[in-house]
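Undergrad: Respectively, the protein sequence lines represent chains L and B.
Here the working numbering runs 1 ahead of the position in the first sequence, where the first position is 1.
Here the working numbering runs 1 ahead of the position in the second sequence, where the first position is 1.
There's no promise every hint is true.
Since the list gives no way to pick one copy over another, a pair counts as held whenever it fits inside one copy or between any two copies.
The calculated DMTMM-like cross-link candidates involving lysine to aspartate or glutamate, where the alpha carbons are at most 25 angstroms apart (straight line), are [stated by the list, open to error]: (1) K218 <-> D252; (2) K343 <-> D354; (3) K361 <-> D190; (4) K110 <-> E512; (5) K218 <-> E180.
Don't read these hints as lab results, they were simulated from the structure.
Protein chains: 2
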Amino acid sequence: MTENVRIFDTTLRDGEQSPGIALDVGEKLEIAEQLARLGVDIIEAGFPIASQGDFEAVEAIAKTVQGATVAGLSRTGFKDVDRAWEAVQHAARPRLHVFIATSPIHMKKKLRMTEDQVKAEAAAGVARARSYCDDVEFSPEDGSRSDSDFMCEVCQLAVDNGATTINIPDTVGYGVPEEFASLIAYVLDRVRGDYVVSTHCHDDLGLAVANSLAGVKAGARQVECAINGLGERAGNAALEEIVMAIKTRPDYFEHLETRVKTDELARTSRIVARLTGYPVQHNKAVVGRNAFAHEAGIHQHGVLEDRETYEIIDAATVGQEAAQIVLGKHSGRHAFSDSLAKMGLHVHGAALDAAFTRFKELSDRKVQITEADLEAIVAEELGTGFVQRFDIVSLDLHGGTSSTPTATVVLTGQEGERRGTGTGNGMIDAAIAAIAEATGVEGRLTDFAVQAVTGGGDALGDVVIQVEVDGARISGRGVATDVVEASARAYLHAVNKIVRLREHPEPREHEIGP
Amino acid sequence: MTENVRIFDTTLRDGEQSPGIALDVGEKLEIAEQLARLGVDIIEAGFPIASQGDFEAVEAIAKTVQGATVAGLSRTGFKDVDRAWEAVQHAARPRLHVFIATSPIHMKKKLRMTEDQVKAEAAAGVARARSYCDDVEFSPEDGSRSDSDFMCEVCQLAVDNGATTINIPDTVGYGVPEEFASLIAYVLDRVRGDYVVSTHCHDDLGLAVANSLAGVKAGARQVECAINGLGERAGNAALEEIVMAIKTRPDYFEHLETRVKTDELARTSRIVARLTGYPVQHNKAVVGRNAFAHEAGIHQHGVLEDRETYEIIDAATVGQEAAQIVLGKHSGRHAFSDSLAKMGLHVHGAALDAAFTRFKELSDRKVQITEADLEAIVAEELGTGFVQRFDIVSLDLHGGTSSTPTATVVLTGQEGERRGTGTGNGMIDAAIAAIAEATGVEGRLTDFAVQAVTGGGDALGDVVIQVEVDGARISGRGVATDVVEASARAYLHAVNKIVRLREHPEPREHEIGP
């Protein structure tokens, strides 16, 4: 008899709140589709009242994504709850996730409420949620710094008013495993009724995964976590580590399992890293480039006669093999769209056209196109497929250490071609100046990172930038065999988002949540 | 009465074994100096018998670095022990660290020894080490997968033959906190004598920090860890997380403290990331860019009236404030060298000259030079200061989407100027081809990553590449305001290392260790 530990993924809510991540609806949908394919039980799709964009994304995911429960976050106020329900109601299995803080510091400094007010809010918010939906989760925010008895009283009120999951957050990442396990056991002991206990741990001291697993050992049957450990500050518990720990140590986590298809972990990690612009460090457990000894190759062949000598997980189990070659120069549109479908990438209409054009350009320069290359191209086109304003026709540069780097760019826009020239400290700087002149959008570059998609001289450069403009930080992404061109594409990607935001400004609630 | 938990840093041994990291003596010395400044108790400087380069680095660190114990790793064979002692003997406080595997799979597949042979080896190796040195550490490799009774018998032999520290490795990252704590308690209970118990945990399941801390709670008084969690595969326990957990939770880790100066953590992390070419992910605990809520700035000012609402560590405690502006265009050589000294960077001779020249070039292009900029320049020059062969005189490029990218480079070498031209898929590719022509060293680019050192259009691009040549992977690093120039510098940096390696080939032992 095995028992399921539910995997509640909050990449699109807590993860998406990380500074500089600004996913549009298309990107969020792509991540949600992949999460469903990965087999998570619950997708927390966003915080619908926070902004119009959040609302639309949650609604689109609820309408489209099959196979997982779709949750929306909400404070206790009726306006919040109503808006969250409006967004998630379309899902086959909707969930409302209501929260309010129960720690002294949060009640005093953030909520400015008494204990009695917090109790009344929790009861009313949960009751309202339950009036819409049978699946209601309640979280006492900053639970680990709350008075345990008071927190349990609030949780009891939540259960009495219809909550079916009680989630205990270590909002500030303060817990240690032994203590956090005791807290979970205490809740199970004190709060009466029919509900599932859940963990939500932050990684400020590097203990999020250990705390979550200690919670599971103490009786929690849901873990809130995020791909690549994304989330506020040091992030949430990493989904891939939670899942692989339970799978790798069945002797310790007796009778427990998750429904996650582990061979989708590596791809999910890559897609999330690319779309958010948050790369994973080489020595990250499970999904990092070096997580498996055999990757090292050269230095270790002598030792690795038996892989188990130094490896407890097989790379294939998490889908982390070398990217396969899927297409070549002569592959047509059908083969291209077929390959995407096999990889589970859903691209349609303008985004598919644009991706195919990019693929043909790329296949002129690169002999073998791998899965990772395709993912990178599609990731770039996804973000702009819905709102493409400007596209690059040509980009030419000259200069170097003996003459000032100068760029000339020709763009297509909705109102015909535009040209721009620019100079700068370097080639990329010059290309950005040229684009700024052509589009009239000038931003300050606040971050810049390039990763090679695969090895070799003809590898794709995958550029992620952050641009500050109008007081907001916008990320942009571009891929090309030339890093300068990829950077120009990334800047243009950000410019296209800015143009859209200027036309549809999105005020946002300032709220962090569990 | 407080008790000290010794911090044993293995960045230069286990960390340096990560694929693609190839630090030279100058770079290792720089890291060791910073580790001493950080206040670690023991620096594991390397594995002297592995290669001539390892030997020289350990010897140089033992001779130069003050304030920390300097340890060298050794298998049990006398040749290993003798060589390790030859390297560390110059230290004010030397330590020999002897290891042999005790797990069934390692004994059978790697050592091909019986239990009795392993016991005899451990006893003899430790006795030999103790004949040289009062401070001897012993590790039963793959301890967590060993039979506990057998492992304790081997450890008892080690103590009886003079070991003063017994280090229990979770070599494959298989442990969970509760179990690992029991193992530490079992060792303390079973092995008699006067010794300190230590932990050495790997992060394959994301539990290295939790396992180490559980070990401390069970009585371990030394933790083996590495900056940024570097190490084989998913790495070792992250030093910064161990230290901050003990410091942030004095109520839990009663009476325990480390001697680490936490306000040096962020700088140490930056230096190690730069010299190894292993960047830290944004959401990494303690030292990641987003580890502190206030970094996010824009979205959260409403909530953060009281910082403690969402933060348990103050950024200043770990030295993670914005990099300060230290120098400008008119700063002279004296001010430059003064600033480096204040930052604790020791650069002399040719490396100082080269760094100053780079600084002047940079100050022509960039108005404000920050601490982070200086660190980046010095990091680049360090690696080449000892063995500079080729340097860039000029680099000019033209091309783009309408004409093939073409580069022309002029280099200085020991035998006068050399020129090269090259074309490629992109600007960087062309620049590399030109350098390959000029130097006659052609490598395959296996990895490429760029990080911006600071924000803004005039930010330095910090490029780290890996080049495969003659069957070995060599890393190179370059910084410049132009990413193409930085990439060319990085490639040239790798070329200079390759030239040196061809003149002084370094055969290396294939051994992983605890």
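Undergrad: Next step is simple, just say for each hint if it's right about the structure.
TA: Going down the list of hints, with the structure as the test:
In this assembly of identical chains, the alpha carbons of K218 and D252 lie at most 25 angstroms apart whether taken from the same copy (12 angstroms) or from different copies (24 angstroms). In this assembly of identical chains, the alpha carbons of K343 and D354 lie at most 25 angstroms apart only when taken from the same copy (18 angstroms versus 56 angstroms across copies). In this assembly of identical chains, K361 and D190 lie within 25 angstroms of each other by CA distance neither inside one copy nor across copies; the values are 62 angstroms within and 67 angstroms between. In this assembly of identical chains, the alpha carbons of K110 and E512 lie at most 25 angstroms apart only when taken from the same copy (13 angstroms versus 55 angstroms across copies).
Taking identical chains as interchangeable, the C-alpha atoms of K218 and E180 lie at most 25 angstroms apart whether they share a chain (12 angstroms) or sit on different chains (13 angstroms).
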